[in-house]
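Enquirer: Chains as they are written, first to last, in our numbering: chain A, 10 to 361; chain B, 10 to 361; chain C, 10 to 361; chain D, 10 to 361.
Note that these hints are calculated values from the structure, not bench results.
Small disclaimer: the values here were computed from a predicted structure and weren't measured.
Take the hints with a grain of salt, since some may be wrong.
All copies of an identical chain are treated as equivalent in the list; a pair is satisfied when it fits inside any one copy or across any two copies.
What the hints assert, rightly or not - Capping the alpha-carbon separation at 27 Å, the derived lysine-lysine pairs in BS3-like fashion look like this: (1) Lys259 / Lys244; (2) Lys335 / Lys90; (3) Lys220 / Lys234; (4) Lys219 / Lys297; (5) Lys234 / Lys259; (6) Lys234 / Lys342; (7) Lys259 / Lys219; (8) Lys142 / Lys49; (9) Lys243 / Lys49; (10) Lys234 / Lys244; (11) Lys301 / Lys142; (12) Lys342 / Lys38; (13) Lys335 / Lys243; (14) Lys234 / Lys219; (15) Lys189 / Lys259; (16) Lys90 / Lys234; (17) Lys243 / Lys142; (18) Lys65 / Lys342; (19) Lys189 / Lys243; (20) Lys297 / Lys49; (21) Lys234 / Lys301; (22) Lys243 / Lys259.
The chain contents come next:
Number of protein chains: 4
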Amino acid sequence: MLNIGVIGFGYWGPNVVRNLTAIRETAVKMICDSQPVILKEARELYPHIRVCLDYKEVVTSPDIDAVAIVTPVSTHYQLAKQALENGKHIFVEKPFTRSIEEAEELIRLAEKNHLKIMVDHTFIFTGAVRKIKEVIDNNTLGDLYYYDSTRVSLGLYQHDVNVIWDLAPHDFSIIDYVIKNKPLALIAQGADHVGRGQENIAYITLYYDKKLIVHINVNWLSPVKVRHTLIGGKKKMLVWDDLEADEKIKIYDKGFIVENKEGIHHLRVDYRSGDMWSPRLEHEEALKRELKYFVHCIENDETPVNDGQAGLRVVKMLTLADLSLKNGGTLIKLQKNVEDELLASGADRNIP
Amino acid sequence: MLNIGVIGFGYWGPNVVRNLTAIRETAVKMICDSQPVILKEARELYPHIRVCLDYKEVVTSPDIDAVAIVTPVSTHYQLAKQALENGKHIFVEKPFTRSIEEAEELIRLAEKNHLKIMVDHTFIFTGAVRKIKEVIDNNTLGDLYYYDSTRVSLGLYQHDVNVIWDLAPHDFSIIDYVIKNKPLALIAQGADHVGRGQENIAYITLYYDKKLIVHINVNWLSPVKVRHTLIGGKKKMLVWDDLEADEKIKIYDKGFIVENKEGIHHLRVDYRSGDMWSPRLEHEEALKRELKYFVHCIENDETPVNDGQAGLRVVKMLTLADLSLKNGGTLIKLQKNVEDELLASGADRNIP
Amino acid sequence: MLNIGVIGFGYWGPNVVRNLTAIRETAVKMICDSQPVILKEARELYPHIRVCLDYKEVVTSPDIDAVAIVTPVSTHYQLAKQALENGKHIFVEKPFTRSIEEAEELIRLAEKNHLKIMVDHTFIFTGAVRKIKEVIDNNTLGDLYYYDSTRVSLGLYQHDVNVIWDLAPHDFSIIDYVIKNKPLALIAQGADHVGRGQENIAYITLYYDKKLIVHINVNWLSPVKVRHTLIGGKKKMLVWDDLEADEKIKIYDKGFIVENKEGIHHLRVDYRSGDMWSPRLEHEEALKRELKYFVHCIENDETPVNDGQAGLRVVKMLTLADLSLKNGGTLIKLQKNVEDELLASGADRNIP
Amino acid sequence: MLNIGVIGFGYWGPNVVRNLTAIRETAVKMICDSQPVILKEARELYPHIRVCLDYKEVVTSPDIDAVAIVTPVSTHYQLAKQALENGKHIFVEKPFTRSIEEAEELIRLAEKNHLKIMVDHTFIFTGAVRKIKEVIDNNTLGDLYYYDSTRVSLGLYQHDVNVIWDLAPHDFSIIDYVIKNKPLALIAQGADHVGRGQENIAYITLYYDKKLIVHINVNWLSPVKVRHTLIGGKKKMLVWDDLEADEKIKIYDKGFIVENKEGIHHLRVDYRSGDMWSPRLEHEEALKRELKYFVHCIENDETPVNDGQAGLRVVKMLTLADLSLKNGGTLIKLQKNVEDELLASGADRNIP
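Could you put together the complete structure from these sequences and hints?
Expert: Next comes the structure, spelled out in C-alpha cells:
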C-alpha cells in the first residue's frame, strides 16, 4: 500500500484524489490546500481523509510515501524540492517547473535520494495518443511529413503564465512521446491583448531534419473550442479530433506519389485517395492509467517514460518558445552537440 | 452589350463562361485555349461560340470589348499586357501577376489607355465575406484582436507555384478587403516535401499595430478539407466555416473584460459568454455577382474595389511571404513611408 | 438537515450520492445495495457513510427522512411502498413504476401520509429543456406543429424492460413538461431482434388536436449515438442536439406562410428563411438542481412538478405505447372524459 | 447516336440536358417546356438546340429516338403514353406515375412496342447506394435488422403531391434496390399543417419477415436538412450521411451477440464494439451514370434495373403509404400471392 499526500485541491486536484481513491494499491492519507474554502470542500467530499492548510505537514509526514503536487507551476520547485528532501516520491502537475535550472536540480535531487519523479503528462496515457504512437512506431503512417495541432478555446487566464506555458505543454509532451526525431530549430509568434506581458495567442513552429515540420496553434481567445491535430506521413495521414466522442482518430489512405522522370525538373506528383479507418481506442481514464503506472514504477523501481527528464525536455521547449516569442519571433537553433541528451525524445520507450 | 473573350477553359474558365452567359448585359464571343482537347469540350458545350487556339485572335479581335484571362499565373502578364495594348478591359484570375513589377506595369498601362482591370478576388463577393466586412465596419465585433485562417486540403500540386501562391491569395484578398489597418511586419515558415523547391505547407503571420495579429495556415497535404477562420474582436467573436452548408458565419457574444485595479499588476481578467447568432447570408453565386460588378464598373467608369491596385497589394504580400519563407523564416518589416500607398487596404470601399 | 438513505448504487446511484453530498441541506446517512461487490465500492468511496445489503434497514431506520430509490423499475413499487409506509419521502428513479395501478397506489399512500413523491425526470432540469419550455411558453415558437425526437445508440439491454420503457421515459417526461396540449391518440411500431419479447427498436407517434404531431424514435441497436429533437412551430423552429457541447439549442427564424387567395384551392405557400440564434444555457448539473428542488419541496411542503402524478402520466404513456406495439401497431384513442385529469400535462407549472 | 428530346426544363430538366450533352453517344435534339420564360432560358443556354412549347412536337418528331420526361408527376402518364405510341423509348422522372393503373398500362404499351422504360431513380446510381448494395450483397453487414431513413428539410410545397410522393420515392427506390426481402405490411402516420389535404410530415414503417423493419421519416417543415440513414445488420452496422462531403458511408464493427444458455429465458446479450471503416466511393455524377446506362440498355436491348416494373413497385408503395395515412394509420397487409410478382424487389440485379 502506497500512502499518498495530495497538495492542491483546485481544478485538477479533485481528479487526482478521485482516481487515487479508486486504485487498490494506494491510499490518500492527506489533502492540503492553502485556501480554507477549498479545504472545506475536500473535507466534505472525503470526511475520512486528513486535511491541512500547510504543505509542510504533508512533505514531512512520516506516513506519506509519495506526494502529488497539483498546484500552480510557480510553486512546483519549492514543494517538489522539500518532498524529495524528505524522501518522498513525487507526481508533479505539468509543466514540471518554471525553468530549466529548477528541473535539473530536482532531477539531481531525486537521483541522489533514489526517488521517482513523474510529471503529469496525462495526454500520453489517453487511448488516442497511445494509438498515434502505435501507428507511428509500426510505420503505418510512414515517414512523417508534418504534425499540426490547433488547441484553442475561451480559456481562463492564468495569473502566472502565458498561453504557451498553459496549453503547449500538452503538445510538447505528446510530440516528445510520439516523434523519435529531435527538433533542430524553433520559432514562435504571438500577441498579448490584455497588456500584462502574457501572450494569449501563440504560434510555434519546430523544424526537424528529413523535412518534418511541427506547428502548434494555441489561443485563449477563441469563441469555440478546437482540439484538432493533423499528422501527415508518406504512407498515410491521421486526423485526431479530441472533441469527437467516438471517432477521435481517423486514418486516411491518402497521400501523394512522386515519380522521378529524368531528374528533379520532371517530377510528376500524383495523389492517392482511398478508404478511411477509425480504430477503436482504449477507454480507461488516462489519469487513472497514469497513476497506476506511477505506483507500478515506484514498486518495481522503474523509470517512468514521463520522468523528470521528459518534464525537463518539455520545460526546455517552453522556455525556448517563450524566448523566441519575446524576441519578436527569432529562429532559435538547437545546437546538436549540446542538446543531444537533453532533447532526446521519449519516443523509444513504451508505457506497459 | 459588352462583348467578352475568355482565354483559358481549364478548371475555372467554364465557370466564368457559364456566369457571363447568364448575365443579360454581356455576350461571350470567343473562347480560347491552347489545348485542342479542352477547346473541343468548349465547342461541345457552347456550339454557338467561336473558339480558337491562339490567344492573339482574342486580344486583337475588333469585336471584343473585354478579355477574361483564366490561365496559370505565369501567363497573366503577357496576356494582360497585349489585351490592354489592344484597348481591352481585363478580368484576371488571381493572383494578378508573378511579380510586383509586372503588376505595376499593367496598372500603368491600363491607366494610360483608360481601361479597367479587375482581379478575380472571388471570395470578397461571397455572402460570407460581405457579412464579415459588415460586422467589422459597423463595429459589431469591436476592435480586432486576431484573424486566424486554416485553409488545408489534399490539393493539386501546381507546377508553377507553391502553396502560398496557390491558396494564400484567398486570405490576403479577404484580409485586404475587411481589415482597415495595414500590416507592419510579416513572417512565414513552411516545408517542401516533394523536393522541387515548392513548399506544400506554409504558416504566415502578419503583425499589425494595435495588437492585431493575423495567421494563415495553408497546406496541400491535409487528408481532410478545412476552411475555418476565427476572428476575435473586443466585443464579439466570429467563426467562419466555409464548408458549412447553411450556417457559415457564427457570431459569439463572447470575450474578456479587463478590470484595471490599481495599475497593471492588479489587472483582473473575466470572461463573458452569451448567445450565438448565425445571420442569414446572401445566396447569389459570388462569381456572378463579381462579373456583374465588372460590367457595372466598365459601363459607369468606376474603379473596382478589386482593381489592379488590390491585385498588386496581394501580389506584394505573396512575394514577401515567399521571401521570408525562402530565407528560413525571417521577419520582414514593412517600412511605413514606402509602403503606405502600396499597402493601403481596400477596406474603406464597398461593393454596391 | 434532511437525512437521506439511498437504495441502489449501480449506474445512476453514485451520481445521486455525489450530488446529495454536495448539497448543504442534506446528508446521505445510508447506502444500500443487494450486491456485496457494489456495496464494497460504495464503502471505499464513502468510508464515513453506513452501508447495508438489506433495504429494510433503510426504510425502517428512524434517522432517515427520505429515501432515494435508484434500482431497476421492477423493484420500485415494493421499495417505495415500504418507504412511504414508514413515513419517508421518496425520490424514485424513472420510470416511476411498472404499471398504472402501482403508481396510483403509491400516490394515494403518499397523500394519506402527507409525504412527497418526486420521480427522477432529470431532463426537465437541464438547461436545454428549461430553455425549450421558456420559448414555448413565451410563444417564441408560436403554435406547435410537430415534435420529433431521435434517441438511438448501441444501448445496454435491460433485463426487465424493452427499449420503450428504457429510453422513451425521457421523451414522455419532457413532452409532458413542455407541451400544454393533451395527446388524443397514440400508435407504436417496433421490432425485437433478440427474440425475448423485448423490442429493441420502437417508433411512437402521438396525435394531438390542432394538428400537433409528436414522433419518438428509440433504438438500442444504432452504431452511433443520436440525441436529436426537432420542434416546429408556426413562428420559429428549434433544433436540440444534446450531444453538442456548447450549442445544444438552435432556434431558426424559418417557417412557411400560407396566403389564402379565394379559398382553400388557391392557397399559396411561401417559405421564410432568416437568422439562427443559439441561446446560452444554464450550466448547473441537472441532477443537482433536481435534488435541491426535492429538498425545497419537502421543506416548504410544495408539490413538485415531477410528482407522482407526473410519474403516473409517463407510466400511462409507456403502458399504452407498449400495448399498441404488442398489438401490432393499433391506434389507441385516449378517451377525453376518462383521461382528462390523468393526462393533464405538467406544462402549466414551473420549477423555480 | 441516340437522338433525345427533353420535355420539362424546370428544376431537374437542365441537369438532364447538361449530362446528356456530355455523353458522346447521345444528342439532345429538342427541349420543350410549356412556359415561355423557361424556354427562353433553355434557348440562351443552348442556342443550337431546337426548342418548342408544345410537347406534341417532341413525341411525334421522326428525328427523336427517346424522350426524357422531366415534368410534374401528374403529367407523366399522358406524355409517356404518347411517346410510347409514337415509338420512342422513355426516361421518366420519379415517381413513375400517379397510380398503379397508369404504370401498368405504360408497361404493357412499352412491351407491345418493344420499347424501353427507365424511371429516374437517380439515387441507385450514386456511389453511396452502390456501396450499400455491395456490402449487403456480399454479406458484410450480415442479416439485416433494420433500415431507418430520415429525409427532412425546409422543402418546397409541391402543388400536386404530399411529402410522401415528393420525398419517399427516393427511399422506396433505394430499398427496392438494396433489400432482397419483400415487405409484408405497411403503416403510415402524418400531418398536414397547411390544411390543403397534403401532408407535409409523414412516418412510414414497413414490416418484413425475418424481423427486418424499415422506417422512413419525411418532413417538409424541418429548419435543418437531414439525409441520414442507419442500417443495422447482424454482423455490422452502416451509417449513410448523404450531406457529408467525403465520408458518406461509415461501416461499424458493432453489434450484439446473444448467448443462449438453457433456453430463451436465460439469453445473455453482449455488445461488440470495434473499428469503423469508411470506404472510398465512386465519384461520377449519378445522373450521368444513369443516362449512360439508359443509352446502354437501348443499344443492347437490355432491361434496366430501374425499368417500368421498378417504377411500378415504387408507385405501389407510395399508393399504399398514402392510403394508410389517409385512413388514420391503418396497417396494410400485403397479400403474398397477389403481390409476389409486383413487389419483387430489384435487388437481385446489378447495374453494370
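Enquirer: Indicate, hint by hint, whether the structure satisfies it.
Expert: Results of checking the hints against the structure:
Both within a single protomer and between protomers do Lys259 and Lys244 lie at most 27 Å apart by alpha-carbon distance, with minima of 14 Å and 22 Å respectively. In this assembly of identical chains, Lys335 and Lys90 lie within 27 Å of each other by CA distance neither inside one copy nor across copies; the values are 29 Å within and 46 Å between. Proximity of Lys220 and Lys234 under a CA criterion of 27 Å is satisfied inter-copy only: 22 Å between copies versus 30 Å inside one chain copy. Taking identical chains as interchangeable, the C-alpha atoms of Lys219 and Lys297 are never at most 27 Å apart, the minima being 37 Å within one chain and 45 Å between chains.
Proximity of Lys234 to Lys259 under the C-alpha cut-off of 27 Å is found in both arrangements, the shortest distances being 19 Å within a copy and 14 Å between copies. In this assembly of identical chains, Lys234 and Lys342 lie within 27 Å of each other by CA distance neither inside one copy nor across copies; the values are 32 Å within and 33 Å between. Only within a single protomer do Lys259 and Lys219 lie at most 27 Å apart by alpha-carbon distance; the minimum there is 25 Å, versus 35 Å between protomers. In this homomeric assembly, Lys142 and Lys49 never come within 27 Å of each other (Cα to Cα): the closest approach is 41 Å inside a single copy and 37 Å across copies.
Proximity of Lys243 and Lys49 under a CA criterion of 27 Å is satisfied in neither setting, with 55 Å inside one chain copy and 38 Å between copies. For the identical chains of this complex, Lys234 and Lys244 are inter-copy neighbours only, at 18 Å across copies versus 30 Å inside a copy, given an alpha-carbon limit of 27 Å. Taking CA atoms no more than 27 Å apart as the test, Lys301 paired with Lys142 passes inside one copy only; the shortest distance there is 20 Å, against 46 Å between copies. Taking the closest pair of Cα atoms, Lys342 and Lys38 never come within 27 Å of each other, the shortest separation being 46 Å inside a single copy and 59 Å across copies.
Taking identical chains as interchangeable, the C-alpha atoms of Lys335 and Lys243 lie at most 27 Å apart only when they sit on different chains, with a minimum of 23 Å there against 35 Å within one chain. When the C-alpha separation of Lys234 and Lys219 is checked against a cutoff of 27 Å, the pair qualifies only between copies, where the shortest distance is 25 Å, while the shortest distance within a copy is 32 Å. Within a single copy, Lys189 and Lys259 get their C-alpha atoms as close as 22 Å, which meets the 27 Å cut-off; across copies the closest is 33 Å, which misses it. Taking identical chains as interchangeable, the C-alpha atoms of Lys90 and Lys234 are never at most 27 Å apart, the minima being 36 Å within one chain and 48 Å between chains.
Proximity of Lys243 to Lys142 under the C-alpha cut-off of 27 Å is restricted to the intra-copy arrangement: shortest distance 16 Å within a copy versus 33 Å between copies. For the identical chains of this complex, Lys65 and Lys342 are neighbours neither inside a copy (42 Å) nor across copies (53 Å), given an alpha-carbon limit of 27 Å. In the homo-oligomer, the alpha carbons of Lys189 and Lys243 lie at most 27 Å apart inside one protomer (16 Å), although the nearest pairing across protomers, at 42 Å, exceeds that limit. Taking identical chains as interchangeable, the C-alpha atoms of Lys297 and Lys49 lie at most 27 Å apart whether they share a chain (25 Å) or sit on different chains (19 Å).
Taking identical chains as interchangeable, the C-alpha atoms of Lys234 and Lys301 are never at most 27 Å apart, the minima being 30 Å within one chain and 31 Å between chains. In this homomeric assembly, Lys243 and Lys259 come within 27 Å of each other (Cα to Cα) both inside a single copy, at 16 Å, and across copies, at 25 Å.
Hints 2, 4, 6, 8, 9, 12, 16, 18 and 21 from the earlier list are contradicted by this structure; the remaining hints agree with it.
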